[in-house]
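S.K.: Read off the chains here:
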Amino acid sequence: MPISRLLIANRGEIAVRIQRAARELGIKTIQVYSAADADSLAVRMADEAVNIGPFQAAKSYLNIEAVLAAAKATGADAIHPGYGFLSENPVFADAVEAAGLIFVGPKGETIRTMGDKAAARGAAYSAGVPVVPGSEGRVADLDEARKLAEKIGFPLMIKASAGGGGRGIRIAETAEALGAALDQAAAEAKAAFGDGGLYLEKFIGNARHIEVQILGDGVNAIHCYERECSLQRRRQKVWEEAPASVLSRDVREALCASAVALAKSVGYRGAGTLEYLYDEASRSFYFIEMNTRIQVEHPVTEMITGIDLVREMISIASGEPLRYLQSDVRLSGHAIEVRINAEDGSHDFRPSPGKVTALQVPGGMGTRFDTLLYAGYTVSPFYDSLLGKLIVWDTSREMALRRLGRALGELKVDGIITTAPLHQRLVEAPEIRAGAFHTRWLEQWLVTNMKPQDAMMEQSR
Amino acid sequence: MPKELLAPLPGVFYRKPAPDKPAYKSEGDIVAIGDVVGLIEVMKSFVEVHADASGKIVRFVVGDEEPIMAGQPVLEIE
Numbered sequence: 001m002p003i004s005r006l007l008i009a010n011r012g013e014i015a016v017r018i019q020r021a022a023r024e025l026g027i028k029t030i031q032v033y034s035a036a037d038a039d040s041l042a043v044r045m046a047d048e049a050v051n052i053g054p055f056q057a058a059k060s061y062l063n064i065e066a067v068l069a070a071a072k073a074t075g076a077d078a079i080h081p082g083y084g085f086l087s088e089n090p091v092f093a094d095a096v097e098a099a100g101l102i103f104v105g106p107k108g109e110t111i112r113t114m115g116d117k118a119a120a121r122g123a124a125y126s127a128g129v130p131v132v133p134g135s136e137g138r139v140a141d142l143d144e145a146r147k148l149a150e151k152i153g154f155p156l157m158i159k160a161s162a163g164g165g166g167r168g169i170r171i172a173e174t175a176e177a178l179g180a181a182l183d184q185a186a187a188e189a190k191a192a193f194g195d196g197g198l199y200l201e202k203f204i205g206n207a208r209h210i211e212v213q214i215l216g217d218g219v220n221a222i223h224c225y226e227r228e229c230s231l232q233r234r235r236q237k238v239w240e241e242a243p244a245s246v247l248s249r250d251v252r253e254a255l256c257a258s259a260v261a262l263a264k265s266v267g268y269r270g271a272g273t274l275e276y277l278y279d280e281a282s283r284s285f286y287f288i289e290m291n292t293r294i295q296v297e298h299p300v301t302e303m304i305t306g307i308d309l310v311r312e313m314i315s316i317a318s319g320e321p322l323r324y325l326q327s328d329v330r331l332s333g334h335a336i337e338v339r340i341n342a343e344d345g346s347h348d349f350r351p352s353p354g355k356v357t358a359l360q361v362p363g364g365m366g367t368r369f370d371t372l373l374y375a376g377y378t379v380s381p382f383y384d385s386l387l388g389k390l391i392v393w394d395t396s397r398e399m400a401l402r403r404l405g406r407a408l409g410e411l412k413v414d415g416i417i418t419t420a421p422l423h424q425r426l427v428e429a430p431e432i433r434a435g436a437f438h439t440r441w442l443e444q445w446l447v448t449n450m451k452p453q454d455a456m457m458e459q460s461r
Numbered sequence: 462m463p464k465e466l467l468a469p470l471p472g473v474f475y476r477k478p479a480p481d482k483p484a485y486k487s488e489g490d491i492v493a494i495g496d497v498v499g500l501i502e503v504m505k506s507f508v509e510v511h512a513d514a515s516g517k518i519v520r521f522v523v524g525d526e527e528p529i530m531a532g533q534p535v536l537e538i539e
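Chain order of the listed sequences is U and C. Each residue of the first sequence is one higher than the one before, starting from 1 at the first, in my numbering. Each residue of the second sequence is one higher than the one before, starting from 462 at the first, in my numbering.
Read the hints as simulated data drawn from the structure, not as lab findings. Cβ coordinates follow ideal geometry from the N, Cα and C atoms, glycine included. All the given hints hold, so there is nothing to weed out.
Stretch by stretch, here's where chain U covers chain C in the computed footprint (C-beta under 8 angstroms, at least three residues): (1) 470-480; (2) 491-505.
Simulated restraints, written as ranges between beta carbons of each label pair: (3) 491/C <-> 406/U: 54 to 60 angstroms; (4) 524/C <-> 253/U: 54 to 60 angstroms; (5) 482/C <-> 253/U: 50 to 56 angstroms; (6) 465/C <-> 146/U: 58 to 64 angstroms; (7) 330/U <-> 482/C: 54 to 60 angstroms; (8) 206/U <-> 481/C: 37 to 43 angstroms; (9) 520/C <-> 421/U: 39 to 45 angstroms.
Okay, chain U solo, but in the shape it has when bound (with noise of 0.2 angstroms):
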């Protein structure tokens, strides 16, 4: 069923974004938004707006009911969540097509299966995927989890099974710390998450973060290929490329072809990323997550390959077959994706949200920003801190490393202060130059180059 009108149910650069693939397949756009986004930009592009709430996420955002009312309203005939919010609750995909609505995702079976972390190990570990060394799913209990420990070795990681953002893991140097740890662990999974099943990895050191793209139509399934997000700050990935440079040829079509196995296996439907470890030293790889949505950094993918994924979910959404075949897929150059925050890196990463004065948006062959900003936007404390991304394409990584050095040289954004000088700091770092960091680089790079000046309270609520 071909879609019509389509309801955006979120916010920021990617509700623009998807505006733009939708307005290009001659699709009305219906943009909802909270009291505090009534001036956003996506508000502004949309054929239609409705607000849906008061500022608080809950409230508005991730408010289930409130979004299908929108839907109803406007006579909307799909909904795409985009990234965050409610793009990966299986409660609401289901009922977006219990209304009669086309989900642009995955089945809410395959978000609900993929989504439990030791489900998805399951999946993987059935689809011949290598995952890392560990349980097969949960660790029924103690005795259980001694017998694994020895096979796997230490130290390793307990996680909770329903876990996410770091919280419910737990490291076990030894055998002695094993049961302790458990425990401490079931604890805190119980209490964040509702649910105490934990399941354990092996840990791996100094490891790459790489993931590939995959797309499917339900029956088929397609990578696009890999990229390297290893550059985080507490979990976040700051800084991401495609491909990524220290895969040999083979590991490349190695690596891309289990995900592709994988999401066979589960009939995927839609866009989605498969997370996996990269142990240089071994060159060896491991699945760790899937994640049943559009990603921040699915532009590197679009700038490298050529195919604008939001454009392929739009399509398969309404019930278009794939419409490429692993061999039309070619890989191209060299992409870099820098996230541009309202945060300020020489203050610990202090929030600055406020009014943008005046805006320079870098432009010129292979440079593009996607951004939520425009002149005169006020940017609001009630959502995350990223206000676009700058991604640039080039022939080389040498040259696409160049290429984002002038890019970031031309953006201005002034009135409030953005992470755009920490980038331009590392596009001169040695060992960025060099492609030669792992996961846990980028934050021993910060206390050196960028010392803390005052702390900022971390803390979940």
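Given chain U's structure and the hints, the job is docking chain C onto it.
M.R.: Relative to chain U, chain C alone:
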């Protein structure tokens, strides 16, 4: 004249360190300079709000879990 403590950042004001914990301070409490009187959630980060004067908290101008603008009064100390 009571002295107003102004919000250093915009966001959402919280009087408690966590939903199931007691409030940092109540009306009538005596505070010293530097005491934590609440949190402001800004862009998913939590920033402590410190008293910039010593004395008795007369009243909270902003309620728990309510939005606040930078420079708006949080509470009054006398």
